[in-house]
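Protein chains: 4
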Amino acid sequence: MIKVGIVGGTGYTGVELLRILATHPDVELTAITSRKEDGLPVAEMFPSLRGRVDLAFSSPDKAKLTACDVVFFATPHGVAMAQAPELLAAGVKVIDLAADFRLQDTAAFEKWYKMPHSCPELLKEAAYGLVELNRDAIRKARIVGNPGCYPTTMQLGLAPLLKADAIDASHLIADCKSGVSGAGRKAEVATLFSEAGDNFKAYGVSGHRHSPETVERLQTLTMNKVGLLFVPHLVPMIRGMHSTIYARLTKEMDNVALQALFENAYVNEPFVDVMPFGSHPETRSTRASNMLRIALHRPNDGDTIVILVVQDNLVKGASGQAVQCMNLMFSLPETTGLLHVPVLP
Amino acid sequence: MIKVGIVGGTGYTGVELLRILATHPDVELTAITSRKEDGLPVAEMFPSLRGRVDLAFSSPDKAKLTACDVVFFATPHGVAMAQAPELLAAGVKVIDLAADFRLQDTAAFEKWYKMPHSCPELLKEAAYGLVELNRDAIRKARIVGNPGCYPTTMQLGLAPLLKADAIDASHLIADCKSGVSGAGRKAEVATLFSEAGDNFKAYGVSGHRHSPETVERLQTLTMNKVGLLFVPHLVPMIRGMHSTIYARLTKEMDNVALQALFENAYVNEPFVDVMPFGSHPETRSTRASNMLRIALHRPNDGDTIVILVVQDNLVKGASGQAVQCMNLMFSLPETTGLLHVPVLP
Amino acid sequence: MIKVGIVGGTGYTGVELLRILATHPDVELTAITSRKEDGLPVAEMFPSLRGRVDLAFSSPDKAKLTACDVVFFATPHGVAMAQAPELLAAGVKVIDLAADFRLQDTAAFEKWYKMPHSCPELLKEAAYGLVELNRDAIRKARIVGNPGCYPTTMQLGLAPLLKADAIDASHLIADCKSGVSGAGRKAEVATLFSEAGDNFKAYGVSGHRHSPETVERLQTLTMNKVGLLFVPHLVPMIRGMHSTIYARLTKEMDNVALQALFENAYVNEPFVDVMPFGSHPETRSTRASNMLRIALHRPNDGDTIVILVVQDNLVKGASGQAVQCMNLMFSLPETTGLLHVPVLP
Amino acid sequence: MIKVGIVGGTGYTGVELLRILATHPDVELTAITSRKEDGLPVAEMFPSLRGRVDLAFSSPDKAKLTACDVVFFATPHGVAMAQAPELLAAGVKVIDLAADFRLQDTAAFEKWYKMPHSCPELLKEAAYGLVELNRDAIRKARIVGNPGCYPTTMQLGLAPLLKADAIDASHLIADCKSGVSGAGRKAEVATLFSEAGDNFKAYGVSGHRHSPETVERLQTLTMNKVGLLFVPHLVPMIRGMHSTIYARLTKEMDNVALQALFENAYVNEPFVDVMPFGSHPETRSTRASNMLRIALHRPNDGDTIVILVVQDNLVKGASGQAVQCMNLMFSLPETTGLLHVPVLP
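Protein sequences, first through last, are from chains A, H, R and G. If you're matching positions, the first sequence starts at 199 in this note's numbering and goes up one per residue. If you're matching positions, the second sequence starts at 199 in this note's numbering and goes up one per residue. If you're matching positions, the third sequence starts at 199 in this note's numbering and goes up one per residue. If you're matching positions, the fourth sequence starts at 199 in this note's numbering and goes up one per residue.
No lab work stands behind these hints, which were simulated from the structure alone. Computed from a prediction, not measured in an experiment: that's the story for all the values here. A few of these clues could be false.
Copies of one chain are not kept apart here, so a pair can be met inside one copy or by any two copies together.
Stated by the list, open to error - Derived EDC-like pairs (lysine to aspartate or glutamate); straight-line CA-CA distance at most 20 Å:
no.: 1; residue 1: Lys423; residue 2: Asp499
no.: 2; residue 1: Lys309; residue 2: Asp499
no.: 3; residue 1: Lys361; residue 2: Glu330
no.: 4; residue 1: Lys234; residue 2: Glu386
no.: 5; residue 1: Lys234; residue 2: Glu319
no.: 6; residue 1: Lys201; residue 2: Asp259
no.: 7; residue 1: Lys201; residue 2: Glu226
no.: 8; residue 1: Lys201; residue 2: Glu323
no.: 9; residue 1: Lys322; residue 2: Glu284
no.: 10; residue 1: Lys201; residue 2: Asp303
no.: 11; residue 1: Lys361; residue 2: Glu308
no.: 12; residue 1: Lys234; residue 2: Asp366
no.: 13; residue 1: Lys260; residue 2: Asp236
no.: 14; residue 1: Lys262; residue 2: Glu450
no.: 15; residue 1: Lys449; residue 2: Asp259
no.: 16; residue 1: Lys361; residue 2: Glu461
no.: 17; residue 1: Lys322; residue 2: Asp501
no.: 18; residue 1: Lys361; residue 2: Asp452
Given these sequences and hints, build the entire structure.
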């Protein structure tokens, strides 16, 4: 059994990790930390876990995280990089669901996250945790930076085209939409039910942290200069993410070839589903599961193709993907504990 | 492996059966019928099942239901009783998620469902599928009438008190609230998003089909005459049911004794969770799981106790409960395939 | 023109006051205070008011509230009673949307609101602002305590029956449901979209501040001792309140007489609509309007009657009612500026 | 008083017309037709109108539409063009909220609406009802084709740039999002609460009726060839529309000039609000009002500008715009009866 610790389990990625790990056959939940909730049984904060998770939160000093095999950080940015060195030194693997180990460009990290990076040498060895594009590195990694939710959809949606050098990489547009849980479980006016409900808006149009992460990773897939216009929006739903991606073809390709390009790219991927050409994937078709679905369109048979990508932002976009990484890091079958059927309706 | 057939899998209880059975370790999905959708792969109607359910709908005449071990009816009222005799004759067990085998009083059935009962003799042998109150009969049954969603909450909320003869059975009030999926997947104006959304209303206050079913069953628990005032309401949420039940104590009982009464009643029940006295269970704490949670209140230390009951109307209130019955009927551990952790948020 | 000041305009009752007063033909918005937002144009916080409200927030010391004709307090409990004496001394009328001037029983006030009442002598002269039951007192008042949202529905739903001595006043049950905006615009986890959405729960079952207020007022309508069991619930919708009230008849009355009792009680009321017997009022039929609708039911022709009451909690349940009081206090037609047609869908 | 008739008042644009016209000071609601609901008081179908609209539906043969001054068609496509000739002959003005009089290209009409146009000569004289871009023609028109909801946002968002010849007209992208009420009040599975709720999807990506309409109108604003990629999405909210429009600048223009271009274009428009550069308009800031709001962004100071446009799809996107046209056609101040303050929250 893999002994698992979770740092910061009071947010949505934390409780989602607990939901997934509670039925993972090879995992023993060992510790979950929260300074503020020391002593509180997890199931008291999240009654959905009554009878399923017996752990109580413990303050970081009491929790013996170094006795774990792996520790997930479901914390604000900056926490994982502060604690990772000690854990790694003790032989514990680290998976950070925040941004500390995503961006190799520390200057960009500092610009967007407003803090210096405290362990750039560890950052260098960290693997970017997007399994479908980085499986080998993750398998060997001691430390994984789990991708952002938006970047997951943009990368999986664009990778086959960039690798095939089939689109104009310099002018990509990603019009993305996220459910409100993506904003986390912080008490803020903007995400109150009466503010976010029955409402729709864009945010961060002038710049968003997921842009540099995505560009840095996309750039590894192509020799051409990547230019990305990323516009996130807030949808009045709890879970779900939908990215509508626009790219202009630079190669002659008919729709059959386009579709084949994607199907071949993901034919062996258990968590990427390429739907028939012209489909309209719904976010709910992935709800509470680790699936990501992609569909292609080419309106008016023009040179712009539209790539639709959906996922559950808390699963494939966060905690499910983290467990997928863990499975790899511990040589388990990649799908272990992750085969939830999406909840519909 | 149990060979399972489903009649009428295009509604919400049908797709929920498929979600549950797709990961049930002892089940082989064998046939699913729909006259209208003959030939359509199930996963085309419900993309959430892509890669997980390979069946296609087949018209009733083609589906070899008699080769199944058990057939679930996720159909409108009247269908199961028409087909049950042939299936039973062929040695197939039957679980009806509609009302054909719930009410023993055929006159009441005919009054509320506007059709004569076509096989009253089978009705007599049918077991009412509320496991916690009828486990032995279900275990031996060839045919089960799966309870209504509201009746499940009302019975499990009141049973300990009625059995203990602790309340005035003649004046029970159940103010119940259901998510919109309870109305099914029929195209109707009243359940459109723009009608049911951001809105709340009572319905069927003058009379609802679940009243006679509940009263008939509650009456089996007490010698006193049961009088029930049941008022259902429609909540702008997809899944979830919350019943607020009011009953007046006729016995001296302090709150500790009250709580113990419930805890003892359900101590061995894997799917009934008695929460601490004074809790406020949330519907989402049961979402997509087979759990039902109960909490007790006694405002102002008066003689009226308030029983709060929550469940997912599509799981414990329908398809999960049906699978729980199936497990019993086939001598499997009752929780087999039913240990989904609730999805929160 | 009536010069109007608003203290604390950053919450939902504040912005709703602004929405209503912006088109009130006899009002001149003069000042709106917020210590925190001093200098911020109101329309920057609430873009819905762009081009319609030109005021900026000003800190309380700068705002010349004593130059107003009337000041509304859309503040937390305790603020109005601190400032009312000075305003009244300056000849300014006061309408408090919080609880400072609702309860005449100061001991109850102190128990439920955890603060001493700072001006009990003013409290004595304050009029309770439920127009339909207290019109004459409001007309003459210098200071009005605007009713709570739940109490408005319970009182208007029960008044005709209590006045007619037709029900058992000692055992009233009000099962009430409110949209999330009733919890205000405070940053709190419990009212986040991802917490309150797709979810339903009861709260405050063991006791809620609106209980003593309602009981105190109901007691003025009957010689019998009032006993009320009030159970509030949170509905995943923004606006709207639905109260389902249960009372046992103590008089022989047929349904025609019952209906007539209510119709006669409210025949001249512009904001109370008695719907046909057996109707199911929807909250949305009052959305963004000052209407309150009532419908009566008598299930199984028994002795329990069910009274359904709906309103928009922010209008008739708060800011609309406050403006209705203001109209009376300034001898305007009661409906002035309040004839918005409900927004449906 | 203008005598107004409405054909087909049982849908959302119909009830929204009624909401607006019920308080319009110069309108007398004279007739509302529905073959199916003949004799039913309008307020029985829409209780929000109780006490505010006294009309009953009448069958088309009984309703004396020729005695009206103007008739609104809130009907499916094809109805208005069948009845318009007779009405016009009787001197009645006609405003069609469907598509019969939007597209001058009858071949495109027939392709997209699957029916021949029955009165192409009337079509020629019809004015396209987008007031801000076609005011003079509407003022003089006997017959108006009210714009589609999406086209309204796309045209008002792009017009200043196209007129200034500042963008590449051949490669416009409009990623649009609509609340569910845009799909109308028809009983359909896809718009059930449990289907459209907590979900997000694109639809009609390969082609949508609002494309040819928008292109035809945009083409009138520029000498260059217009190419538009329009991708609509369904948002789980009732009202509201958000268009995110991408266009590449072909002229040197700094952000101050861009902003000035829009502010100057709409400086005298009562229903178009140009927000500060870099704003994120929310759909709810227009809810239940005739306002449309626009904000500009230029991410990374690149050559692509992002235009955000929000409106209430049922008001500025449908019924409010139709009343705005009517005001013009009858020489009333354009804002008459249309100054509702948006409902927030």
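Handout entry: Hints breached by this structure
Key = When the structure is compared with the hints, numbers 5, 8, 10, 11, 12, 14, 15, 17 turn out to be violated.
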